[in-house]
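Kindly produce the complete structure, drawing on both the sequences and the hints.
There are 2 protein chains.
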Amino acid sequence: MNEEIVLGSQECVRSLAYVGDALYVIGGKWKLRVIIALREGNKRFNEIQRAVEGISARVLSNELKELEMNGFVKRIVHTKAPVVVEYQVTSYADTLKDVLHALSDWGEMHRNKIRREW
Amino acid sequence: MNEEIVLGSQECVRSLAYVGDALYVIGGKWKLRVIIALREGNKRFNEIQRAVEGISARVLSNELKELEMNGFVKRIVHTKAPVVVEYQVTSYADTLKDVLHALSDWGEMHRNKIRREW
Chain A
1 MNEEIVLGSQ
11 ECVRSLAYVG
21 DALYVIGGKW
31 KLRVIIALRE
41 GNKRFNEIQR
51 AVEGISARVL
61 SNELKELEMN
71 GFVKRIVHTK
81 APVVVEYQVT
91 SYADTLKDVL
101 HALSDWGEMH
111 RNKIRREW
Chain B
1 MNEEIVLGSQ
11 ECVRSLAYVG
21 DALYVIGGKW
31 KLRVIIALRE
41 GNKRFNEIQR
51 AVEGISARVL
61 SNELKELEMN
71 GFVKRIVHTK
81 APVVVEYQVT
91 SYADTLKDVL
101 HALSDWGEMH
111 RNKIRREW
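Chain order of the listed sequences is A and B.
Going by the working numbering, 91 is the number at position 91 of the first sequence; the sequence numbering is gapless.
Going by the working numbering, 63 is the number at position 63 of the second sequence; the sequence numbering is gapless.
No lab work stands behind these hints, which were simulated from the structure alone.
All of these numbers come straight from a predicted model, not from anything done at the bench.
Wrong hints could be hidden among the right ones.
Since the list gives no way to pick out one identical chain from another, each pair is judged satisfied if it fits inside one copy or across any two copies.
[Stated by the list, open to error] Lysine to aspartate or glutamate pairs mimicking EDC-like chemistry, simulated, CA-CA at most 16 Å apart: (1) K113 - D21; (2) K113 - D94; (3) K74 - E86; (4) K97 - E40; (5) K65 - E86; (6) K74 - E40; (7) K29 - E53.
Structure (structure tokens):
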């Protein structure tokens with residue numbers, strides 16, 4: 001039984017570390033929502049802000065910078081007048097597909113559970 | 001092509017809402033880490049704090065309250081002296097298995113990618 005606990009513990013520590021890594025990069029309230037909004041298609045700053053309900057311009061600006069830094073989002077500047085800046089998800093953001101599906105499925109299940117309880 | 005965009009957009013809105021629901025409940029820096037630590041076995045407050053590196057007592061106390069409120073964690077009081085309070089994950093926390101696996105897999109992949117780049 002002790003051995004089982006020790007194995008569980010090692011597995012737990014590894015899992016904790018990886019989930020910690022993941023949450024460090026994509027955790028928080030907004031990042032995944034910004035990525036989902038951009039998966040639909042390139043968007044300008046204001047368009048993202050409309051798609052991601054409740055995000056302030058200041059927070060969105062920070063989130064976009066971090067997403068760019070971590071290689072999930074690319075900032076594209078169309079230099080022909082009028083200058084247009086839009087944001088695009090990179091192919092690296094596609095690696096988050098399973099995470100997004102799992103979260104979306106769980107969110108749907110949880111919403112239905114809450115509805116049944118009320 | 002317009003139709004495709006509209007369909008993508010509806011799907012995006014639904015997905016955004018569900019992921020938003022999920023992140024509302026389990027988002028943030030700590031909640032999933034606390035759940036992972038408790039999946040290994042019941043723990044007392046101090047044991048959780050040691051397992052989840054970097055969390056302060058005040059934040060952990062708040063996180064545990066919210067996790068209890070949302071049905072992920074149960075507070076067990078052993079009334080025989082010395083009184084021991086420990087925390088246990090509920091079976092509802094098991095519904096997060098796929099989310100945790102997806103996050104852990106992605107975190108592992110991302111860590112390896114970062115390592116290769118450095």
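Here is how each hint holds up against the structure:
1. K113 - D21: Result: close only across copies, 12 Å inter versus 30 Å intra.
2. K113 - D94: between (29 Å within a copy, 14 Å between copies)
3. K74 - E86: Within one copy only: 8 Å inside a chain, 46 Å across chains, cut-off 16 Å.
4. K97 - E40: Cα proximity of K97 and E40: one copy only (13 Å, versus 27 Å across).
5. K65 - E86: within (13 Å within a copy, 41 Å between copies)
6. K74 - E40: within (14 Å within a copy, 39 Å between copies)
7. K29 - E53: Intra 11 Å, inter 21 Å, cutoff 16 Å: intra-copy only.
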